[in-house]
Amino acid sequence: MFEDVKMPEGMSPEVLEHLMYPKNYGKLETPNGVGVALDEKTKEYVIFYIILDESIIKDVKFATNGCQDTVVIGSMFTDMIMNNDLEYANGAIQKMNDKLGNTSAQQQVCADIVFSAFTASLQNYKNIQNGLDEELHLFKMKESCEVVGEENENKNG
Amino acid sequence: MKTKMDKLYQEKHELWLHITYASFAIEDEAIKSRLYEFSLIAFRHMKWLGSEVLEDGGNFNYDRSMQLIKHDTSFEIIHELEEKILHIQANYKDNILAQRIKTDDIYLLEYLRQVMASEFNNQTITAFNMKREWMDKKLAQDQIDALTLFLLEESYKEYELILVYNYMQARTENALHFNVFQDLIDESHFHLKSFGNMMAKLGILVLPRELHEMTYIVKDFQRFIVDGIAEEEAAKIMCKELSDAIKDEELSKFFDFINYQESYHIELMKKLLK
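So the sequence lines, in the order shown, correspond to chains Z and V. So in my numbering, the last one in the first sequence is 157, and the numbering has no gaps at all. So in my numbering, the last one in the second sequence is 1274, and the numbering has no gaps at all.
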């Protein structure tokens, strides 16, 4: 099912394409779920907009002020989950996390913030369905990109 | 629902980017330089229109709906630019500011026609060819990759800084802050121009991604500046790493020069904390 899951490894033509022209980047005018994941230390955020029809993700967009890994992972992930169901999306997160086990800690933090924003958008969708008046759902990140960067520097130093 | 002024502001923002990126894409130094001057004029138009929106009790944002078409020749770029300039004319109001902007636009159209009067000016565009070659220099692939990543990341950051400081400058009543914002905007224009021209030389010219309002609507100013200083520090490290990685004296010296400029930005930003 997930044989085609690809990770941003090095500067392949595919990664360059996602970097230069991120897929599904921006805002949706009429989303029914909006989620934000925020790294309070660096103020890096990812915001996800979704239109969910039953369990099908009919439309999705994201935006971020984050680094290039965040942009590439957000672009790849939204491309994968568009027009798929939530089961597929959760499977994609799991698969991408497995693959990220082989990459840098910083890339894992970038992936976490992307996936957390998506999960927050689902929570917002659920909350609205349950009658809550919530503009967006916010998750604050436990791991900070800054801390991971410092740890890496210390290890390398 | 966008008002007429919101729409005009967005179109002016897009026109500023179109002129700026046309300047980056065209290789002829005289045309490049002239277009860049016009792009700075267009940015001032945008700034003045933003002030007008605020004076009228409105608000402006940085939404965009534009694409950078990968043209093959200078004239294709100039033709598109002409169309954009002509399109925006109908949206200007009838006041002194609009008159000023219209006469600037009309002169830019005249300049573009002068350029197109000579077929000699219709040169091939290589800014979008994706070759990722640095002119006659033989950089190793990992150096080209590092340079690519740096230019894509930093061109976005400079665009972000220009717009964020512009947003704050339009709203401050503090003269010191206004001046510091202006200095920082001017510095980022220079950096964006430098990086944009380098992206074009590499054949990877691309627009910076759009800014979300969470990036430019600042709720905690002090915190924003402290974080901004940390970001400048990070940019300095990136510059230093790139300067060390690129085994080319000319390029290394350029990144050292940018690095020292970032140091002074930090001093400028500290003034905002007083």
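Quick caveat, the hints were computed from the structure, so don't treat them as lab data. Fair warning: there could be bad hints in the mix.
Unchecked claim - Keeping only pairs whose Cα atoms sit at most 30 Å apart, straight-line, the calculated DSSO-like set for lysine-lysine is:
(1) V/1047 - Z/140
(2) Z/27 - V/1274
(3) V/1084 - V/1070
(4) V/1032 - V/1007
(5) V/1093 - Z/27
(6) V/1247 - Z/41
(7) V/1274 - Z/41
(8) V/1236 - V/1137
(9) V/1219 - V/1102
(10) Z/58 - Z/41
(11) Z/126 - V/1219
(12) V/1137 - Z/27
(13) Z/41 - V/1271
#### Entry: Restraint status (C-alpha distance of residue 1047 of chain V to residue 140 of chain Z at most 30 Å)
Not satisfied, since the Cα-Cα distance of roughly 35 Å exceeds 30 Å.
### Distance restraint between residue 58 of chain Z and residue 41 of chain Z, which requires alpha-carbon spacing of 30 Å or less
violated, 33 Å
### Message
Just to be careful, I want the Cα atoms of residue 1274 of chain V and residue 41 of chain Z compared with a cutoff of 30 Å; is the pair within it?
### Response
holds, 22 Å
### Query
Keeping to a limit of 30 Å between CA atoms, is the pair of residue 1236 of chain V and residue 1137 of chain V held or broken?
holds, 25 Å
### Distance restraint between residue 1219 of chain V and residue 1102 of chain V, which requires alpha-carbon spacing of 30 Å or less
Given that 30 Å is the threshold and the Cα spacing comes to 36 Å, the pair is violated.
### 30 Å limit on alpha-carbon distance, applied to hinted pair residue 1084 of chain V and residue 1070 of chain V
holds, 16 Å
### Query
Is residue 1093 of chain V within 30 Å of residue 27 of chain Z, Cα to Cα?
holds, 29 Å
### Query
Within 30 Å, alpha carbon to alpha carbon, are residue 1032 of chain V and residue 1007 of chain V?
holds, 28 Å
### Task
For the pair we were handed, residue 41 of chain Z and residue 1271 of chain V, check the Cα-Cα distance against 30 Å.
holds, 22 Å
### Query
Is residue 126 of chain Z within 30 Å of residue 1219 of chain V, Cα to Cα?
holds, 28 Å
### Query
Are the Cα atoms of residue 1137 of chain V and residue 27 of chain Z separated by 30 Å or less?
Given pair residue 1137 of chain V, residue 27 of chain Z is violated - Cα atoms ~41 Å apart, limit 30 Å.
### Query
Taking 30 Å as the top limit, are the C-alpha atoms of residue 1247 of chain V and residue 41 of chain Z close enough?
Roughly 34 Å separates the two Cα atoms, so the pair is violated.
Violated hints, listed in ascending order, are 1, 2, 6, 9, 10 and 12; each of the other numbered hints is respected by the structure.
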